[in-house]
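The whole structure should be built from the sequences, with the hints applied where relevant.
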Amino acid sequence: MRKLNKPKILSTKYKEWEEELERSGNPHPVYNSSRNRFYKDIVANLLHIQDGLCAYTEIRLCDEDIVDNHNWENGKFAVNNFEFKGQLDHFDPSLKTEKAWLWSNFYVVDSDVNMKKKRDSEVDSILDPGSVDYDEHRYLDYSCSTHLFIANSNLTPDEKERVNSMISVLGLNYGPIKDIRRRFLSEKFKSIDFGLEDSDTVVIDEFPTAFRICAEKQVRILN
Amino acid sequence: MKITKINLNDFQQFKGLDIDLTYPKGHEKEGQPLDKVCFIGQSGTGKTTILNILNELVTLRKGIATRKVNTKDTQYFIEFLLNKVKNQSGKVLAEVHATLPFFQFEEEPVQTTKGYDEFILNWRTILINYPAEFNERVSDFLEKSPIHNPLSFLKSNVDINDDIHVERVKLENKMIYDFKKDNPLDIWKSILMDARDYMVSELSFSQKLTKALIKNKRRANELIEEFTKWQTDNPSPFIGLANVVNPVIEKFYCKIKTDFDFEKAEDLGFVKIETTNDKDIPFNLWSSGTKRVVLTAMPLHYLETKNTIVTIDEPEGSLYPDVQGEIVDFYSSLAPDAQFFYATHSPIIASSFKPWEIVELKFDYKKGKVFQEKYYEGERHIDNYKIFPEYLRWDSILTRVFDLEMEGNEKRKEKLLELSQMEADIKSEPDKTKKRKMYDEFKNLADKLDWQI
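Protein chains in written order, with our numbering: chain A, 1 to 223; chain B, 1 to 453.
If you're looking for bench data, these hints aren't it; they were derived computationally from the structure. All C-beta atoms, glycine included, are put in the ideal place defined by N, C-alpha and C. Hints should not be assumed to be uniformly reliable.
As the list claims (entries may be wrong) - In silico DSBU-like cross-links for lysine-lysine, where the CA-CA straight-line distance does not exceed 35 angstroms: (1) B:Lys180 to A:Lys160; (2) A:Lys96 to A:Lys188; (3) B:Lys291 to B:Lys36; (4) A:Lys85 to B:Lys374.
Unchecked claim - Partial list, computed: chain A residues near chain B (C-beta under 7 angstroms): (5) Glu64; (6) His137; (7) Thr146; (8) Leu148; (9) Ser153; (10) Leu155; (11) Gly175; (12) Pro176.
Structure representation (structure tokens):
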């Protein structure tokens with residue numbers, strides 16, 4: 001789960017509306033999903049920031065070129081029908097009532113992760129990918145044998161517990177995605193091993209965090 | 001006859017579901033009906049409902065032959081619209097299509113609108129149905145044998161008015177065996193009738209032999225040779241059944257008894273089972289698996305199944321995993337020309353099927369209907385299939401075909417996470433003694449998890 005550059009705003013019309021809501025101090029309109037006029041802009045902007053990947057698990061949700069810069073006109077996403085496999089998630093579900101349209105609380109995530117794992121679980125901001133304090137290098141480690149994300153060994157016992165708890169809440173080790181990730185990484189490393197691709201140029205269009213950690217560990221083993 | 005297509009337009013949980021039951025492109029039997037089909041899916045997705053629709057529409061025998069189909073091998077097929085389920089306003093809710101190879105008919109392949117029932121006059125069996133509750137009824141079947149007095153049943157003379165003739169005609173005309181209602185032991189009557197004919201032939205040989213032994217030894221030797229050849233060419237009905245069933249039930253250390261003295265009534269009530277050391281096993285001591293195998297195999301072995309649809313719901317019932325792994329091929333070997341339809345929750349049963357033979361039903365919660373999960377991308381061609389249950393480990397079938405979201409229970413997941421954390425902690429531990437102790441704990445846990453380190 002990479003740190004996300006949330007300030008990168010393409011959906012300026014929505015952002016103006018959201019900031020005005022915040023300035024006024026009034027409660028946000030009720031969250032009504034895709035019926036909101038800015039829903040598509042929010043999703044497209046997030047997918048642009050997330051490179052078309054799930055904000056948490058990094059599984060691919062849509063083609064990168066769909067959410068490219070050139071598809072925006074006057075602060076609105078200009079593609080009428082675009083398909084993506086995920087859902088818009090409120091990172092902190094407790095804000096859903098009063099601050100339903102808060103930009104900083106939104107991510108686009110895999111539908112199963114949202115529906116089956118995260119739901120309305122209580123969250124800890126230690127693993128909020130858009131938070132200024134979040135640093136995946138500091139908090140996350142990846143086991144290249146079990147293909148599970150774990151807390152970094154350098155953390156304090158308390159931090160480890162918090163991180164491991166959030167790994168579970170965000171579905172980073174959700175079974176079906178873990179299996180897809182394992183196959184993806186095995187294929188990539190095998191193609192590098194066979195000399196078909198180079199570790200510096202190989203295209204990693206899914207699961208970049210797990211790949212980076214495994215690649216670093218492999219380099220350490222080889223050295 | 002074999003089913004090629006099921007359209008479920010608006011029937012219970014199905015809406016606009018078309019199930020193609022033919023071999024895909026690139027297969028040597030491309031376009032022809034599948035020999036076996038396996039329905040899988042969560043409870044409530046409609047596996048049994050589809051088997052029931054098939055049973056009902058085949059049983060009605062009212063469809064019409066719609067057109068002939070010319071395949072790439074220039075074989076002719078008659079395509080049937082078997083039957084439709086309609087609502088009160090006449091809207092078609094469900095329909096089943098089927099084909100018959102044209103060589104079944106002694107006539108020129110011409111466009112036809114004959115009724116389906118006109119084609120089936122000469123067929124022996126059109127349907128055998130083993131419902132899921134078959135397993136619960138096996139003891140009932142055995143306890144309520146339809147043959148009250150097998151000895152008198154056998155001793156009747158062949159006469160147009162006697163019981164045995166009536167029984168034979170009744171069985172020969174029976175086209176549908178639905179074990180929701182029927183008792184598979186009815187077929188045992190047929191086996192007994194064949195046994196009776198066999199006994200008559202055997203007796204005739206022995207009478208001739210006795211006479212020859214007294215009068216002409218050379219003739220006697222010839223007769224012995226003839227008799228031996230006859231026995232080889234005509235195994236007794238019990239031996240035939242034993243030959244097909246024993247390879248399976250020998251796994252349970254038992255076999256079908258082939259040696260009958262025809263003197264005790266209880267010997268003939270039904271198939272006798274003995275241990276592999278030749279000790280009789282009474283009915284009440286048969287294992288559930290033995291009952292299941294013998295009672296399901298007997299109709300498939302004994303009935304004429306050339307044009308038969310066989311539906312088997314939960315074939316895994318009472319069977320240990322190793323037998324589950326063989327049972328589908330076993331049934332196919334008993335009725336090689338039949339078309340089988342299974343519904344199962346067993347990954348081992350599913351591993352007996354090619355991906356195009358599996359129909360996985362899933363809920364579409366958003367649209368409120370059931371759809372078929374496709375195992376191929378793009379064109380329905382054998383090269384485009386991505387999941388091959390035959391190649392997978394059992395646990396992979398559970399996760400990739402049955403969509404189980406975890407490789408074990410919650411506790412395993414928790415312990416695997418612990419193992420991963422231990423592995424990372426060992427690497428960063430500077431103290432060698434502590435590292436060694438941690439490694440021992442790590443190995444211990446890995447062993448419990450059957451995890452290769």
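Quick rundown of the hints versus the structure:
1. For the hint linking Lys180 of chain B to Lys160 of chain A, the alpha-carbon distance of about 59 angstroms lies beyond 35 angstroms, and the restraint is violated.
2. Proposed proximity of Lys96 of chain A and Lys188 of chain A is contradicted: the alpha carbons are some 39 angstroms apart, above 35 angstroms.
3. With a CA separation close to 24 angstroms, the supplied pair Lys291 of chain B and Lys36 of chain B stays within the 35 angstroms bound.
4. At most 35 angstroms may separate the alpha-carbon atoms for a hinted pair to count; Lys85 of chain A and Lys374 of chain B meet this at roughly 17 angstroms.
5. Taken as an interface hint, Glu64 of chain A does not check out: its beta carbon lies about 20 angstroms from the nearest beta carbon of chain B, beyond 7 angstroms.
6. The criterion of a C-beta within 7 angstroms of any C-beta in chain B is not met by His137 of chain A, whose closest approach is roughly 14 angstroms, and the hint is violated.
7. Hint on Thr146 of chain A holds. Least Cβ distance to chain B is approximately 5 angstroms, under the 7 angstroms limit.
8. Taken as an interface hint, Leu148 of chain A checks out: its beta carbon lies about 5 angstroms from the nearest beta carbon of chain B, inside 7 angstroms.
9. The restraint placing Ser153 of chain A at the interface with chain B holds, with a minimum CB-CB distance near 4 angstroms, inside the 7 angstroms limit.
10. For Leu155 of chain A, the interface hint is violated, the least distance from its beta-carbon to any beta-carbon of chain B being 11 angstroms, above 7 angstroms.
11. Here the hint on Gly175 of chain A is kept, as its CB sits about 4 angstroms from the closest CB of chain B, short of 7 angstroms.
12. Interface restraint check for Pro176 of chain A: the shortest CB-CB distance to chain B comes to about 6 angstroms, inside 7 angstroms, so the restraint holds.
The structure shown violates the earlier hints numbered 1, 2, 5, 6, 10.
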